[in-house]
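2 protein chains.
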Amino acid sequence: MLSTTARRVPAASLRVAAHIPRRAPVRARPLSLSAPRLDTPVANTPGGANARPPRTPLGQRIRRLARFSFYLVGSTVVGTVVITSAVFLHDAFTYTDRHIEGVPVSPLALHPERGGPKNLPVLKRLLGDLEDDENAILVEKPHLVIVGGGWGAVGVLNTLRPGDYHVTVVSPETFTTFTPLLPSAAVGTVQVRSLVEPLRKIIARLRGHLLQARAVDLVMSERLLEVETTRDDGTKERIYVPYDKLVIAVGSTSSTHGVPGLEHCLQLKTIEDARKIRQRILDNFEAASLPTTTPEDRRRLLSFVVCGGGPTGIETAAEIYDLCQEDVMNYYPKICREEVSIHVIQSREHILNTYSEAISKYAERKFLHDHIDLITSARVAAIHPDRVEYTTKSADGKTERHIVPANFVLWSTGIAMNPFTERVSNLLPNQVHKKAIEVDAHLRVKGAPVGEVYALGDAATIETSVVSYLLELVDEADKNKDGKIDFEEWEIMVSRIKARIPMAESQLQKVRELFDLYDKDADNSLTLNELAVLLQEIGNKITALPATAQVASQQGKYIGHKLARLAKQRDVLAANGLLGGPGADEAVSGPFRYLHLGSLAYIGNAAVFDMGKMSFMGGLVAMYAWRSVYWSEQVSSRTRALLMIDWVVRGVWGRDLSRL
Amino acid sequence: MLSTTARRVPAASLRVAAHIPRRAPVRARPLSLSAPRLDTPVANTPGGANARPPRTPLGQRIRRLARFSFYLVGSTVVGTVVITSAVFLHDAFTYTDRHIEGVPVSPLALHPERGGPKNLPVLKRLLGDLEDDENAILVEKPHLVIVGGGWGAVGVLNTLRPGDYHVTVVSPETFTTFTPLLPSAAVGTVQVRSLVEPLRKIIARLRGHLLQARAVDLVMSERLLEVETTRDDGTKERIYVPYDKLVIAVGSTSSTHGVPGLEHCLQLKTIEDARKIRQRILDNFEAASLPTTTPEDRRRLLSFVVCGGGPTGIETAAEIYDLCQEDVMNYYPKICREEVSIHVIQSREHILNTYSEAISKYAERKFLHDHIDLITSARVAAIHPDRVEYTTKSADGKTERHIVPANFVLWSTGIAMNPFTERVSNLLPNQVHKKAIEVDAHLRVKGAPVGEVYALGDAATIETSVVSYLLELVDEADKNKDGKIDFEEWEIMVSRIKARIPMAESQLQKVRELFDLYDKDADNSLTLNELAVLLQEIGNKITALPATAQVASQQGKYIGHKLARLAKQRDVLAANGLLGGPGADEAVSGPFRYLHLGSLAYIGNAAVFDMGKMSFMGGLVAMYAWRSVYWSEQVSSRTRALLMIDWVVRGVWGRDLSRL
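Protein chains in written order, with full-length UniProt numbering: chain A, 1 to 660; chain B, 1 to 660.
Errors might be hidden in some of the hints.
To be verified - Lysine to any residue pairs mimicking SDA-like chemistry, simulated, CA-CA at most 20 Å apart:
#1 B:Lys557 x B:Thr461
#2 B:Lys334 x A:Leu130
#3 B:Lys434 x B:Gly447
#4 A:Lys276 x B:Asp232
#5 B:Lys276 x A:Asp232
Stated by the list, open to error - Pulled from the structure, derived: some chain B residues nowhere near chain A, Cβ distances all over 12 Å:
#6 Thr94
#7 Asp519
#8 Val588
Please keep in mind that the hints were generated in silico from the structure rather than gathered at the bench. This structure is a prediction, so every number in the text was calculated from the model and none was measured. Virtual Cβ for every residue (Gly too), placed ideally from N, Cα, C.
Required output: the full structure, derived from the provided sequences and hints.
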């Protein structure tokens, strides 16, 4: 017993020493650090059992380390318990016993009056409009109606200030989707639910309203948006939603390029699409696992064709490859992995052709290494239920026809207008663009009553025609009114153009050179004719903004800020006679300026980043960087947490192979 | 500077003292504990700054507590970082670069021969059978085919030992579902993905095979299971799967009770059902939020009717109530919450009538408090697209007809045979049960070749007819062969009955009383006639096992253990001439005995437990207990983690209201 006690004494002292935090030497004087060590023999002596030799420093260190680790683990456990208890405690308080009765509802919301050109019900009041005092105040504010629930709409919603507008969102889907990760969701690397956030939760901050409906028409003269709802028995019903300000953010549909057989293709624009892709892939693998499937059919079932070499197509191809390498390899008959072939058909010479050349090349090398079949400079001719037909040009210019058998064809090439955008475009005679609604640099729909209708994202394209402003520009710049523009006046004109169409800036950097180039008669002034040619050619050189989430999101935030400022400066604007007039937008904000933050793409255990002047590409590190960019861009903390969980779950347990 | 130093010295010493673990006084002698304290003035003196007064014990304690908390948080952070790094590191190694080529495949698997009565392809070899040495050895083992992928099948799969059998699972779904939580998944409290585990991952341990197919017929004489697969173009194909042992675990379908209009009902047996319910609920709320919906329609849309007062029905009603209280209240117009009505139609006098009376009453009180409309002793007469008709008996015995408008009707009353079970039952002349395949106490299908076909779970019912064994029992028990059974012989007979039909045990406890009761002529022996009456009446009193997950799971494990023992004792059985014969099952295991572990149900922020003799019910604490029971029963660590995450996510962010 005595010796046991003696052994324990220094141990206890050591424990004391071991528990000094590492930074102790900095904050405390050395003396106190050494105190427990000095203490050790003191403690030993009264113990009366000095027979055991003093511990070696190594042994001491190991014990210290062991104790430290033990304490660390212990603390972590305690910490976890504390956090878990907090979560449970919080959880317990989320179960409520509230009871409501007699909620005030406006009679106009229960039985809407009819009106408008088609004598449809007009939703002057919504069900929640009077349910409490705050909502009742909001009803008197300008009515802002946002059509769509994607990146643009969420951008607006997240930048508006509560209390400024009576906000109504019209969307056929009740949730917003984090579209850039759809390819991951399509193969189960992340769950579809981690990419969606209910719109009702987003608009709750603004005490907004959601109408699950599809916008179909617009009566700009009476400021009525016509929407179509679906009753529970499937019948459609049309209603007018009145607005003071309308934001069109309905996105786009896929462009068909006139290829026959597109009905056999899968797309990847919505959550439902991702789910269909996932089911098709897993169905194909299950069918391929049956011995009654002929070897020929098996090859067809395991042939995955992606039409389009842009980011969506490339990422989907890469994700399918990952799925095959990791999960199919482990859980399906190995012959199924062996027979897999992945094909990417791209019309241009390179995949990811909007990225830098180095990135294109890197991605192509990676795909080559992964045995993914890249078919470039090829055009899809037709799609059949069991095969894809495409053509290439041979060296001597002849068109050659090829066939790839496939039971999975993804179509991801370009965008086109959806029916509502087309309708709006047709309503306005000066709208001539074929793929989107033309807006000015303030994102106001061209031809619509100024300051009432905005459009953004894929649904909109900012006008690039500088020449259409020719007369206005000359009027502003021709100070001496001689009908010609000299160099000084040209400089004024350039600044005016930049203010109207910021996208023209890059074309207007060499002011003097441009002036000299187009001053054909070298009289040191530009005639109207010379100017027209100049502006026309500048306009032609401006490239439209790409149809990306980044553009839509920035435009949404721009409109949100503008609307917030319009509400804030309402009195000032009214005092200056600008309220509701054409100058209000200009008074509160400049034109929309796009800031390119870079493009990125996942290419299978590797990722590429194109940040304009810089490129960055690489393996796992780049992949984690790619994830962290998307992670930081999440709409809510909920999806952020879910996404992180998904990635960890994939790492630990692999993808979920359930056909769901 | 000097005073700063002086202040820090005792602090550092204090830190040392503070870090002694709480149990230090037990393991170390007090001397060493006090050492740092003694050390404090020593450290102070050379510092030469004794001007500051000694700290008060309270201040000391607060500082200690603060430092301890700081250190705790620090450790937690460090621990988290360590764990996260480990996860990332592991994750990085899950991305592989493997490449496979030339996988050996049996020609019989690529081009199956035809055979059997219908000359269909016979799957003698599967695709993966020769892909590596271990699989090639398995092919020579007995072929075990399991039909179904639910609780029973998973019970078998999880108890088998790898290497004993060539295992093939035939299931139309590629995943197994944790059915008890379907009501939670139906309203989004947990995600559907957290309830499913891919069968391929479960069978991977046994190197088993999965055929995504539906069993349709059985050729017992040739040991061929006929299954139907679906090709990618939707056409059906039939194949024979040969077996040495067959386990039928296909579950059941819902019983219709002959009620017209069931096609308008929702069910809750599969993940797809849960998803449909979820979509219907959210659709109803969205439709109800439209002002063009008439108040009458709104009440109908928000009227939820549950037919059946068993656990599934009750839990679904409770979960819908939760959804309304927590998420609908927060995000939908309040009038929608106000107009919600939930109705439960139960044919018996009480809900949860298989539970103890106290539990029934508790649940009824809870529902009453929650304004859930309980309609007991009522029969559903018909279901229409927009309403439910039911009848009750008035006090004077008249049948009264009632109508509840509804756009959501859940049908959850009783079970019936699915087509395959019905087919198997029809193949065997001695199968007379209407709801399931009759099996003996060893779960062998009655009438099938002994030891080849087993059935379990909802698909099977253990025979309770003791009288059908009358002659055998008399033969075994009548030792003196006088054609009568005296009391001694009766005792032997009782033990034989118990061994054959363990479920009869509870009816056979009073051996003497039974004997005297049925010995009508009091001659101290039972004639064959008296015995027949006795056994018939005992058989009638035995209640069949309920169609629950618990029963199926226990039966699955029972079969798994039996099959494992049969494989292990193969040589012993062969030496005794029992291999493949009727006595093999009895030689390796006793009959199946069901151990009731209790029933539980969630009733909305409260839960009830019925453990036979004990009942436990209550609010949140019981709810957490209810969760922990289900949590511990999960099939995999993956679903366990996901489930926990779901509950935390619901607590922090509420339910996901996306219609997905």
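Exercise for review: Find the hints from earlier in the document that the structure breaks and name them by number, from lowest to highest.
Suggested key: Result: hint 6 breaks, nothing else.
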